[in-house]
Amino acid sequence: MELSQSISFAALGGHFFVGLSRAMILFVVTSGLSLVLGVLRVPNIAHGSLYMIGAFAAYTISRLFGGGSTAFWLALVISPFVVAAVSLVAERLLFQHLYQREHLMLLLFTFALMLILGDLVKLVWGAGEYRSIVPPQLLKGSASIFGSSIPRYNLFLIIIGPLVAVGLWLFTNRTKMGKIARAAAVDREMVGAVGINVSWVFAFAFVLGCFLAGLGGALVAPTISVSLGMDHDIIIEAFLIVTIGGLGNMWGAMVGSLIFGLTQSFGVLFWPQFAIVFPYTAVVIVLLWRPMGMLKSVW
Amino acid sequence: MGKKGKKFLSVGVLLMGGLLCLSLLFMPASAQARNIKVGIIDCYSGPAAVYCNEALNGFKLALKEINKQGVLGRKIEFTTRDTKFKVDLALNMAKELVMRENVDALAGTINSGAALAVSEAVAKAEKIPLLVWISKSERITGEKGHRYVFSTGENTAMAGKAAGVALSRKPYKKYWIAGDDYEYGHAMADAAWRNLKALRPDVKLIGKSWWKPGEPDLVPYFTAIVAAKAEAVILCTGGRSMANALKTIRAMDLTKKVVPWIHTATEIAVLRSLGPGAPEGVLGTSDYLFYYPDTPENRAFANAFKSAYGSPPGFPGFHGYITAKFIAEGFRKAGSLNKEKFIDMLEGLKIDSPVGGKLEMRACDHQVVLPIYLGVTKKVPQYNFLISADNITLSGDEVMPSCEEIMKARGKK
Amino acid sequence: MVKPGSSLRSFWICAAILVVLLFLPPVIPRFYTYILASIFVTSLLAMSLNMVVGYGGLFQFHHAAFYGVGAYTFGLLLTKTHLPMLVAFIAGPIAAALAGLLIGWFCVRLIKLYFAMLQISLGSLLWAIAFRWYSLTGGDDGMHGIPTPSFLFSSTHAYYFILIVFSVCLLLMYLILKSPFGMTLQAIRDNPDRCEAVGVNVRRHQLIGIIIATFFAGVAGVLFVVLEHSVFPDLLFWILSLEVFIMCLLGGWFTFIGPVIGAAIMVSLRTFVGIYTQYWTLILGVLLIFLIFFLPEGIMGFISAKLGSKPVEGIERAVE
Numbered sequence: 001m002e003l004s005q006s007i008s009f010a011a012l013g014g015h016f017f018v019g020l021s022r023a024m025i026l027f028v029v030t031s032g033l034s035l036v037l038g039v040l041r042v043p044n045i046a047h048g049s050l051y052m053i054g055a056f057a058a059y060t061i062s063r064l065f066g067g068g069s070t071a072f073w074l075a076l077v078i079s080p081f082v083v084a085a086v087s088l089v090a091e092r093l094l095f096q097h098l099y100q101r102e103h104l105m106l107l108l109f110t111f112a113l114m115l116i117l118g119d120l121v122k123l124v125w126g127a128g129e130y131r132s133i134v135p136p137q138l139l140k141g142s143a144s145i146f147g148s149s150i151p152r153y154n155l156f157l158i159i160i161g162p163l164v165a166v167g168l169w170l171f172t173n174r175t176k177m178g179k180i181a182r183a184a185a186v187d188r189e190m191v192g193a194v195g196i197n198v199s200w201v202f203a204f205a206f207v208l209g210c211f212l213a214g215l216g217g218a219l220v221a222p223t224i225s226v227s228l229g230m231d232h233d234i235i236i237e238a239f240l241i242v243t244i245g246g247l248g249n250m251w252g253a254m255v256g257s258l259i260f261g262l263t264q265s266f267g268v269l270f271w272p273q274f275a276i277v278f279p280y281t282a283v284v285i286v287l288l289w290r291p292m293g294m295l296k297s298v299w
Numbered sequence: 001m002g003k004k005g006k007k008f009l010s011v012g013v014l015l016m017g018g019l020l021c022l023s024l025l026f027m028p029a030s031a032q033a034r035n036i037k038v039g040i041i042d043c044y045s046g047p048a049a050v051y052c053n054e055a056l057n058g059f060k061l062a063l064k065e066i067n068k069q070g071v072l073g074r075k076i077e078f079t080t081r082d083t084k085f086k087v088d089l090a091l092n093m094a095k096e097l098v099m100r101e102n103v104d105a106l107a108g109t110i111n112s113g114a115a116l117a118v119s120e121a122v123a124k125a126e127k128i129p130l131l132v133w134i135s136k137s138e139r140i141t142g143e144k145g146h147r148y149v150f151s152t153g154e155n156t157a158m159a160g161k162a163a164g165v166a167l168s169r170k171p172y173k174k175y176w177i178a179g180d181d182y183e184y185g186h187a188m189a190d191a192a193w194r195n196l197k198a199l200r201p202d203v204k205l206i207g208k209s210w211w212k213p214g215e216p217d218l219v220p221y222f223t224a225i226v227a228a229k230a231e232a233v234i235l236c237t238g239g240r241s242m243a244n245a246l247k248t249i250r251a252m253d254l255t256k257k258v259v260p261w262i263h264t265a266t267e268i269a270v271l272r273s274l275g276p277g278a279p280e281g282v283l284g285t286s287d288y289l290f291y292y293p294d295t296p297e298n299r300a301f302a303n304a305f306k307s308a309y310g311s312p313p314g315f316p317g318f319h320g321y322i323t324a325k326f327i328a329e330g331f332r333k334a335g336s337l338n339k340e341k342f343i344d345m346l347e348g349l350k351i352d353s354p355v356g357g358k359l360e361m362r363a364c365d366h367q368v369v370l371p372i373y374l375g376v377t378k379k380v381p382q383y384n385f386l387i388s389a390d391n392i393t394l395s396g397d398e399v400m401p402s403c404e405e406i407m408k409a410r411g412k413k
Numbered sequence: 001m002v003k004p005g006s007s008l009r010s011f012w013i014c015a016a017i018l019v020v021l022l023f024l025p026p027v028i029p030r031f032y033t034y035i036l037a038s039i040f041v042t043s044l045l046a047m048s049l050n051m052v053v054g055y056g057g058l059f060q061f062h063h064a065a066f067y068g069v070g071a072y073t074f075g076l077l078l079t080k081t082h083l084p085m086l087v088a089f090i091a092g093p094i095a096a097a098l099a100g101l102l103i104g105w106f107c108v109r110l111i112k113l114y115f116a117m118l119q120i121s122l123g124s125l126l127w128a129i130a131f132r133w134y135s136l137t138g139g140d141d142g143m144h145g146i147p148t149p150s151f152l153f154s155s156t157h158a159y160y161f162i163l164i165v166f167s168v169c170l171l172l173m174y175l176i177l178k179s180p181f182g183m184t185l186q187a188i189r190d191n192p193d194r195c196e197a198v199g200v201n202v203r204r205h206q207l208i209g210i211i212i213a214t215f216f217a218g219v220a221g222v223l224f225v226v227l228e229h230s231v232f233p234d235l236l237f238w239i240l241s242l243e244v245f246i247m248c249l250l251g252g253w254f255t256f257i258g259p260v261i262g263a264a265i266m267v268s269l270r271t272f273v274g275i276y277t278q279y280w281t282l283i284l285g286v287l288l289i290f291l292i293f294f295l296p297e298g299i300m301g302f303i304s305a306k307l308g309s310k311p312v313e314g315i316e317r318a319v320e
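Chains as they are written, first to last, in the working numbering: chain E, 1 to 299; chain S, 1 to 413; chain W, 1 to 320.
Any given hint might turn out to be false.
[What the hints assert, rightly or not] The calculated label-pair distances, taken between Cβ atoms and stated as ranges, are: (1) E:199 - W:191: 30 to 40 Å; (2) S:379 - E:179: 26 to 36 Å; (3) E:289 - W:168: 39 to 49 Å; (4) W:203 - E:194: 33 to 43 Å; (5) W:196 - E:289: 21 to 31 Å; (6) S:168 - W:286: 37 to 47 Å; (7) E:81 - W:286: 20 to 30 Å; (8) E:60 - W:29: 42 to 52 Å; (9) S:70 - W:90: 23 to 33 Å; (10) S:275 - E:81: 42 to 52 Å; (11) S:143 - W:183: 36 to 46 Å; (12) E:274 - S:143: 19 to 29 Å; (13) E:171 - W:168: 41 to 51 Å; (14) S:389 - E:289: 47 to 57 Å.
Because the hints were derived from the structure by calculation, they are not lab data.
Where a beta carbon is used, it is the ideal one built from N, C-alpha and C, also for glycine.
Sequences and hints are given; from them, build the entire structure.
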């Protein structure tokens, strides 16, 4: 297939913004995954399931409040907390007993959790219909930027992403809890030795990470059809992103998400037939160039 | 106990365990009074489950009616297996249904890979009739067709031809082709373009783009299409991706700049989920609409379906329903449970269609003859979701490949 | 993990099991011969993976890619060419091993999760090729009704063929793991730094390990085609890789025979629980969690630990 002949400035700009908005959703999800990886050393395959639960919860909540604009904002705020509650239960019941296990066992465990959560979502929400959330009035329709029309909702995502990043940075660098969590990521025995209840620090970090997964799910819900299988769709991408960014590094997740989102978006522009392989190729190149990811890993 | 003894014991324990498992496996499948048994393999997990559950509902609804009078003094019963959209599981389960449950016929599935695999490795090899009810691959009854496989749904060849006929009547010249990057999308695109080009040699294809199935963000693709100044776009997507596509069309106001045609865009499963958020002005084709044609039979069928399952039927419910009817009628005509006789009777069999008139199972390729309805999405006051308006019916003969073409395709491989 | 003294006894036990399996098809229903054959194929795949995971300590996360390469090569050669079956049969594993060499060559430069992710990316590119190249591979539908030789068409014959190849491969894998090379591989798993220090070329050994493992994965792929007459892109998808990985952990990844147990459990569970409920993955998930809490070494690991046979050293060090 020939390359697209006419790549105008408008198209470039349009694809840049679209890639950016996709990257922001990926960032919200992967920053949570990265946090859990960094602090708890848990490669959480069930992260994608929590993202899916976030989307389903957002659907139900927005339905509950009548489906209007207010309902959307409420869903966006509440559903991450629903996911956080689910993850808190999982953490206290199961995860906290397993932190000392080898990574592969944790992997097996989170895989099992993914299987369970996937079927639970099916039990709770059923598989009988497609679900869809309408974005609020404010974010409907599209805006014209550089001569190409971008949905307003995508622009909203581009604003949300950096906000989450800054919030997370403030949390890890400016709050006591965040500092302890960072310290625990480096040396958990030492943190325990100075008299801090590490167990609850871990629980908090875990829940926060899952909260972000839920937020990602709620954010993505208005752009897609909420359905089973969302967990599979995102989890491998999410792991690739945190790896190329540098395991456990929040800014690494940002860099990885940008690489992923933008290569995908520009891939479509330059070589639509094989757009599918661009992000994977980018991962291969990054890992061969910097075997430990772009930014410093805490591992 | 010495080390050797322990080792021996461990192996002994293992063997015992193995034997126990085996004895569990040997529990025979229930063999009560012999009903007609249909084994259903389909995907009841993941995004495709929406359609599969509806097809099953249609099938169940028909069974309720059929079993009131019975078939050859028996009832038709069914058992389902969840393939999770995986071909290996589908094979595994189809074999289990045939070899262990001894089903009289197989039905399913939405996954065309699974349909083709089961068609070859189970239906053909074990001589069991397979009725495919959702998968739209034209290869099932086309080049890969054989004596034991039937299709009760429309396929890409039919939809593509319908699109070609319909689009050739429109003024557009500059086309773009886009869609889900898998067999369904490509087959649909090929069929639509081939037919359109044959009817209107002056149309021009200015570009193509394919995204991975389930791609969440279609904005970049659509942006490129608008940037290239296409007049119409042949969009080859379905199921869950369809909802994404329609949402993006709405969010970008795409229909103002370029006219999209999508097979099954007028399908209720997606339009209902989007509610008033679906875009108007999308050209769509479907082989079943519960409000068109507005015949008493169709109304009765739609109402029965709605009162049983809470919402009116879409095409999967329709396909599931007629599949059951074909099975029942085939066995009635065959007069016994003999599968070969059943197949002979099914060839060319005509049943009453739930939309009125007759439906024929074409003898030459085992493909049911279905009309295709072309319409455009529109808001109407009586429903809280969009429907297909300004419908045109393209009859089955108009949209189906001829028997000669099918035989040629089968011969060439 | 068998000591020299007891190896003779193990040999006789294995021979006895083999004889039992040889005489099963006439007495059990056809469906169970099919399921057994399916278990052999999956087991071979899981054992080949375990050579590099359990014995090599590598995060081989996309092993199914090589399984798929083997299956596709075999299927393509039978469908598109008129080469004899034997050539196709040998070409499948060789193609898989070549893919293993190519991907492994990049991957051994990395460690742990980085290794895993690089392999998933590279393996996914293979998957994309199988998924996209319609004219050759049949795209996402795959190829069905692959014309395997007529003497393999009946399910009983396929069963015997698969059983024999499986047994031979098992023996070969056992011998390789007992060889000096296999021992070195395990030493590298336990302490790569020390091995490097005494002059072992760690990367080369790991790469050879990967090539051998992918070769056997290719054999498993070929056997899959013999059994099912189909190839499709799911065979190269990461979900299958993860499932196979889980089989190793489930059965006991530091035991030779563990993956067979894991594969047998997964295959029978999905077949026989799937009859009663579509929620069998829920049951599988719960079962796995119980295993993790109560049998962390996998089933075989538990049995050998209970019976006091030689504990496996370096389990903890292998991964952290």
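A quick look at each hint next to the structure:
At about 32 Å, the beta-carbon gap between residue 199 (chain E) and residue 191 (chain W) stays in the expected band of 30 to 40 Å. As the Cβ distance of residue 379 (chain S) to residue 179 (chain E) is approximately 55 Å, the hint placing it in 26 to 36 Å is violated. Between residue 289 (chain E) and residue 168 (chain W), the C-beta spacing of about 42 Å keeps the proposed range 39 to 49 Å intact. As the Cβ distance of residue 203 (chain W) to residue 194 (chain E) is approximately 41 Å, the hint placing it in 33 to 43 Å holds.
For residue 196 (chain W) and residue 289 (chain E), the hinted distance range of 21 to 31 Å is satisfied, since their beta carbons lie about 24 Å from each other. Against the hinted window of 37 to 47 Å, the Cβ-Cβ separation of residue 168 (chain S) and residue 286 (chain W) comes to about 57 Å, which falls outside the hint. Range check, residue 81 (chain E) to residue 286 (chain W): Cβ separation about 26 Å, and the 20 to 30 Å hint holds. For the hinted restraint 42 to 52 Å between residue 60 (chain E) and residue 29 (chain W), the CB-CB distance of approximately 46 Å keeps it satisfied.
A beta carbon spacing of about 57 Å between residue 70 (chain S) and residue 90 (chain W) contradicts the range 23 to 33 Å that was offered as a hint. Checked against the hint of 42 to 52 Å, the C-beta distance between residue 275 (chain S) and residue 81 (chain E) comes to roughly 26 Å, which is inconsistent with it. Evaluation of the 36 to 46 Å hint for residue 143 (chain S) and residue 183 (chain W) yields a failure: the beta carbon distance comes to about 54 Å. At about 27 Å, the CB distance of residue 274 (chain E) to residue 143 (chain S) agrees with the hint of 19 to 29 Å.
Between residue 171 (chain E) and residue 168 (chain W) the CB atoms are about 58 Å apart, so this pair departs from the stated range of 41 to 51 Å. For residue 389 (chain S) and residue 289 (chain E), the Cβ-Cβ distance of about 55 Å falls inside the hinted range of 47 to 57 Å, so the restraint holds.
Hint check: violations occur at hints 2, 6, 9, 10, 11 and 13; the rest are consistent with the structure.
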